[in-house]
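Please take these sequences and the hints and turn them into a complete structure.
What follows is each chain in one-letter form.
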Amino acid sequence: MEFSFTDEQKMIQDTAQSFLAELSTSNAIRSAMNTEQGFDNDTWQKICSQMYWQATHIPEEYGGMGLGYVELAIMLEKMGQHLLCSPFLSTVCFGANALIVAGSEEQKQQYLSQICEYGLTATLAYTSSNGIWDAEAVQAVVKPQGDGYLLSGTYRYVLDGHTADTLIVAARSEKTQGDDGISLFIVEANTSGIKRTWLPTMDQTRKQAEIVFNEVELKATALMGEYQRAWPALKQIIDLATIAIAAEQVGGAQKVLDLSVEYTKERVQFGRSVASFQAVKHQAADMMMRTEVARSAIYYAACVAQEVLSNCVSLSELSEAASVAKAYCSDSYFKNAGDAIQLHGGVGFTWEYDVHLYFKRAKSSEVLLGNSAFHRERVAKLLLD
Amino acid sequence: MKLSFSSEDEKFRAEIAQWLSDNLVGEFEQLKFRGGPGDEHMFPEERKKWEQKLAQGGWTCVGWPTEYGGRGCSIEQQVIFNEEYARAGAPGRMGHIGEGLTGPTLIAFGSEEQKQKYLPGIIAGNDLWCQGYSEPGAGSDLANVSTKAHFDQEKGKWIITGQKVWTSLAHESDYIFVLARTDPDSKAHKGLGFFLVKMDQPNIDVRGIKQITGTCEFNEVFFDEAQCDAQDIVGEPGNGWAIAMGLLGFERGVSTLGQQMQFQNELNQIITAAKANGSHQDPVIRQRIADAHIGLKIMRYNSMRMLSGGGNNGELRQEALIYKLFWASWHRDLGELAMDVLKAEAEILESAPYNLTRMQSMYLFVRSDTIYGGTNEIQRNIIAERGLGMPKEQRLIKNS
Numbered sequence: 001m002e003f004s005f006t007d008e009q010k011m012i013q014d015t016a017q018s019f020l021a022e023l024s025t026s027n028a029i030r031s032a033m034n035t036e037q038g039f040d041n042d043t044w045q046k047i048c049s050q051m052y053w054q055a056t057h058i059p060e061e062y063g064g065m066g067l068g069y070v071e072l073a074i075m076l077e078k079m080g081q082h083l084l085c086s087p088f089l090s091t092v093c094f095g096a097n098a099l100i101v102a103g104s105e106e107q108k109q110q111y112l113s114q115i116c117e118y119g120l121t122a123t124l125a126y127t128s129s130n131g132i133w134d135a136e137a138v139q140a141v142v143k144p145q146g147d148g149y150l151l152s153g154t155y156r157y158v159l160d161g162h163t164a165d166t167l168i169v170a171a172r173s174e175k176t177q178g179d180d181g182i183s184l185f186i187v188e189a190n191t192s193g194i195k196r197t198w199l200p201t202m203d204q205t206r207k208q209a210e211i212v213f214n215e216v217e218l219k220a221t222a223l224m225g226e227y228q229r230a231w232p233a234l235k236q237i238i239d240l241a242t243i244a245i246a247a248e249q250v251g252g253a254q255k256v257l258d259l260s261v262e263y264t265k266e267r268v269q270f271g272r273s274v275a276s277f278q279a280v281k282h283q284a285a286d287m288m289m290r291t292e293v294a295r296s297a298i299y300y301a302a303c304v305a306q307e308v309l310s311n312c313v314s315l316s317e318l319s320e321a322a323s324v325a326k327a328y329c330s331d332s333y334f335k336n337a338g339d340a341i342q343l344h345g346g347v348g349f350t351w352e353y354d355v356h357l358y359f360k361r362a363k364s365s366e367v368l369l370g371n372s373a374f375h376r377e378r379v380a381k382l383l384l385d
Numbered sequence: 001m002k003l004s005f006s007s008e009d010e011k012f013r014a015e016i017a018q019w020l021s022d023n024l025v026g027e028f029e030q031l032k033f034r035g036g037p038g039d040e041h042m043f044p045e046e047r048k049k050w051e052q053k054l055a056q057g058g059w060t061c062v063g064w065p066t067e068y069g070g071r072g073c074s075i076e077q078q079v080i081f082n083e084e085y086a087r088a089g090a091p092g093r094m095g096h097i098g099e100g101l102t103g104p105t106l107i108a109f110g111s112e113e114q115k116q117k118y119l120p121g122i123i124a125g126n127d128l129w130c131q132g133y134s135e136p137g138a139g140s141d142l143a144n145v146s147t148k149a150h151f152d153q154e155k156g157k158w159i160i161t162g163q164k165v166w167t168s169l170a171h172e173s174d175y176i177f178v179l180a181r182t183d184p185d186s187k188a189h190k191g192l193g194f195f196l197v198k199m200d201q202p203n204i205d206v207r208g209i210k211q212i213t214g215t216c217e218f219n220e221v222f223f224d225e226a227q228c229d230a231q232d233i234v235g236e237p238g239n240g241w242a243i244a245m246g247l248l249g250f251e252r253g254v255s256t257l258g259q260q261m262q263f264q265n266e267l268n269q270i271i272t273a274a275k276a277n278g279s280h281q282d283p284v285i286r287q288r289i290a291d292a293h294i295g296l297k298i299m300r301y302n303s304m305r306m307l308s309g310g311g312n313n314g315e316l317r318q319e320a321l322i323y324k325l326f327w328a329s330w331h332r333d334l335g336e337l338a339m340d341v342l343k344a345e346a347e348i349l350e351s352a353p354y355n356l357t358r359m360q361s362m363y364l365f366v367r368s369d370t371i372y373g374g375t376n377e378i379q380r381n382i383i384a385e386r387g388l389g390m391p392k393e394q395r396l397i398k399n400s
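From first to last, the protein sequence lines stand for chains A and B.
Note that the UniProt record's numbering gives residue 212 to position 212 of the first sequence, counting from 1, and the numbers run on in steps of one.
Note that the UniProt record's numbering gives residue 384 to position 384 of the second sequence, counting from 1, and the numbers run on in steps of one.
The hints are simulated quantities; they were obtained by calculation from the structure and are not laboratory data.
No experiment lies behind these values; they were computed from the predicted model shown.
Hints are not guaranteed to be accurate.
As the list claims (entries may be wrong) - Below, in silico cross-link-like pairs of lysine-lysine (DSS-like), each with a Cα-Cα straight-line distance of 25 Å or less: (1) 265(A) x 392(B); (2) 148(B) x 49(B); (3) 49(B) x 381(A); (4) 381(A) x 275(B); (5) 10(A) x 2(B); (6) 235(A) x 175(A).
Said to hold, decoys possible - Residues from chain B that face chain A, not an exhaustive set, calculated with beta carbons under 7 Å: (7) 1; (8) 190; (9) 325; (10) 326.
We put the beta carbon where it would ideally sit given N, CA and C, even for glycine.
In structure tokens form, the structure reads like this:
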């Protein structure tokens with residue numbers, strides 16, 4: 001048992017810190033979030049061609065760096081801390097993970113190598129308008145047609161769905177429900193019959209889209225994994241992505257704490273620094289407690305994810321680790337962000353200060369892939385049913 | 001980062017598990033899952049014998065260096081020992097103060113003579129220690145101790161007068177270490193001494209404090225010109241605060257993993273009760289049980305982080321600074337959950353006059369967790385000041 005970073009991992013952390021501090025400034029965030037696309041092309045290219053971050057945990061045979069999920073989590077924590085606007089989460093943690101878990105050898109060769117080589121973007125679409133995140137979220141319908149398939153349905157809340165080059169979509173066979181009858185496909189986003197619409201969101205730093213499939217014809221080669229039996233794979237993809245979001249949340253929770261400590265130290269009232277008041281210190285202490293404990297949760301979850309990808313541990317352990325991390329990190333980030341507004345006083349309520357950006361990201365991350373109550377119920381099922 | 005233990009460590013795990021299964025039998029069977037927090041008053045004589053049994057197997061002081069008679073276990077092995085100990089339901093340790101506090105303090109700061117005089121008794125499980133820090137006027141403000149010690153040249157002894165309070169198991173202990181003021185004119189951290197004092201002497205009076213649970217684990221200890229030998233001061237007079245605090249830098253929380261196994265036993269009991277009375281179908285209870293489970297899991301991961309990656313120059317790292325606040329708050333909430341799961345049955349005692357069920361006892365006892373060993377409020381001050389670099393509390397200058 002060793003639960004601390006190697007020198008190489010510390011180096012990755014330091015590099016990510018300095019790179020993002022320079023690149024993801026408040027101005028850069030604000031300029032990216034005001035576009036429909038939601039990210040800056042040059043920044044994304046720098047990440048992909050200079051840093052190869054998108055290739056971190058992709059196996060070497062597909063052009064990746066072959067590092068682990070812990071390394072990925074380290075970067076994601078830093079991205080969350082710097083509120084990076086990019087298609088990294090959608091491409092790497094949904095798209096690449098889907099390919100790694102469910103892709104055929106040909107699909108991996110084709111798509112993973114393009115992600116590694118030039119930052120092809122991808123995302124996962126499985127949720128409908130019912131607003132839930134488990135198997136029942138899959139409402140799009142697919143049926144065999146000729147050698148291929150015919151897919152119809154509406155997806156909502158798809159991360160970067162309006163800009164991604166490639167879509168991985170889940171659909172179910174008619175008259176199936178729950179875990180049954182679910183299939184996964186990979187398809188070019190510009191395929192005819194696919195209509196993609198940006199959904200403006202309260203958190204402007206992460207973009208969502210609605211995607212409508214209107215009798216879209218899919219080739220047989222579009223199928224990922226086994227027809228009608230893709231739920232275990234999809235669940236694993238979702239669990240892996242859940243851990244990734246939790247890692248980002250920890251970074252955000254840390255950042256709002258840092259901002260609050262910095263601000264309250266500088267701010268003087270009643271002739272003393274606001275940070276010297278015990279009511280303020282105690283709130284900050286609670287924020288630090290949540291952040292550190294959340295960090296312990298994601299390091300563990302990332303280790304489990306790594307072991308799953310190396311086929312070492314069972315999938316139920318992954319689900320539990322994902323839910324433990326997401327439940328705790330969601331609450332921690334949101335509470336910290338709310339406290340940060342409070343500790344900033346009036347300026348925390350302004351558009352000018354960055355706190356509101358984190359407050360909004362905290363809520364959107366909490367909602368994404370299920371809030372803490374959803375994940376606690378998943379844990380309750382394991383314990384009580 | 002890796003989650004698994006080496007095969008050598010797993011062999012060690014099998015060894016301790018086997019020893020416990022072979023030895024926690026017969027007269028010791030009744031001690032299973034007893035003597036933990038809130039239950040420390042139970043079976044003292046039997047648990048003293050158990051300490052000696054452990055010692056015979058070489059299972060006391062496993063983390064001490066071999067040159068001082070310990071087992072020299074690595075951090076990993078200490079983790080494993082504590083996990084297996086709690087998993088087997090082995091009883092709450094009566095020797096934990098000597099093993100966890102006195103011994104390491106003497107190893108770090110004690111004279112050769114002190115080590116030879118005191119360490120063997122701790123290792124053998126014969127000498128039980130208690131801790132004389134808190135006083136009626138020195139709780140959170142620990143440095144405000146007013147117990148006094150002066151050296152009597154004629155007798156060649158230190159003479160100690162004052163009162164300690166909240167002393168766990170003082171009535172069962174052979175020795176007490178005492179923080180006392182050697183310089184009567186000194187204030188706060190300065191002018192203190194750290195003394196090793198034999199309990200069995202006429203000038204020490206121990207009185208139990210009846211607690212919220214109706215039981216007495218804690219005591220008041222009165223010193224009326226109690227004595228200890230000239231050699232029984234650790235370090236120099238005036239240096240006691242550094243000795244008392246020095247230990248915090250060494251304690252990396254190995255024992256916390258054993259504590260967590262006890263928490264797991266309590267949570268399991270709650271889950272069993274919930275399934276038995278149907279409250280496991282109540283959506284609110286489901287959320288709270290899951291929340292407790294999540295908190296305990298994360299507590300374990302946090303401890304693993306605390307234990308990994310070597311020391312940090314004696315300073316507690318961020319994840320260690322927040323640990324007490326986290327587990328104490330978690331445990332307090334667990335007590336409330338236990339009662340809410342039991343519904344109306346929560347009120348009904350095991351028997352008159354005031355015999356609590358294990359869950360009731362836990363529920364009441366956990367109210368002390370957020371108070372002893374640094375209240376939540378003190379913990380938050382420490383976190384804010386040391387962890388976040390926020391300004392220190394202003395201290396009032398005392399004129400008295």
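How the hints compare with the structure:
For the hint pairing residue 265(A) with residue 392(B), the CA-to-CA distance comes to about 12 Å; that is within 25 Å, so the pair holds. Restraint check for residue 148(B) and residue 49(B): the C-alpha separation of about 35 Å exceeds 25 Å, so the hint is violated. Taking the CA atoms of residue 49(B) and residue 381(A), the gap is about 43 Å. The hint is violated against a cut of 25 Å. The straight-line distance between the Cα atoms of residue 381(A) and residue 275(B) is roughly 12 Å, inside the 25 Å bound, and the hint therefore holds.
The hinted pair formed by residue 10(A) and residue 2(B) meets the criterion: a straight-line CA distance of about 15 Å does not exceed 25 Å. Pair hint residue 235(A) plus residue 175(A) holds up; C-alpha atoms about 21 Å apart against a cutoff of 25 Å. The closest approach between the C-beta of residue 1(B) and any C-beta of chain A is roughly 5 Å, which is under the 7 Å cut-off, so the hint is satisfied. At about 25 Å, the closest approach between the beta carbon of residue 190(B) and any beta carbon in chain A exceeds 7 Å, and the interface hint on this residue is violated.
A hinted interface residue such as residue 325(B) counts as satisfied when its beta carbon comes closer than 7 Å to some beta carbon of chain A; here the least separation is about 5 Å, so the hint holds. About 6 Å separates the beta-carbon of residue 326(B) from the nearest beta-carbon of chain A, less than 7 Å, and the hint is met.
Checked against the numbered hints listed earlier, the structure breaks hints 2, 3, 8; every other hint is satisfied.
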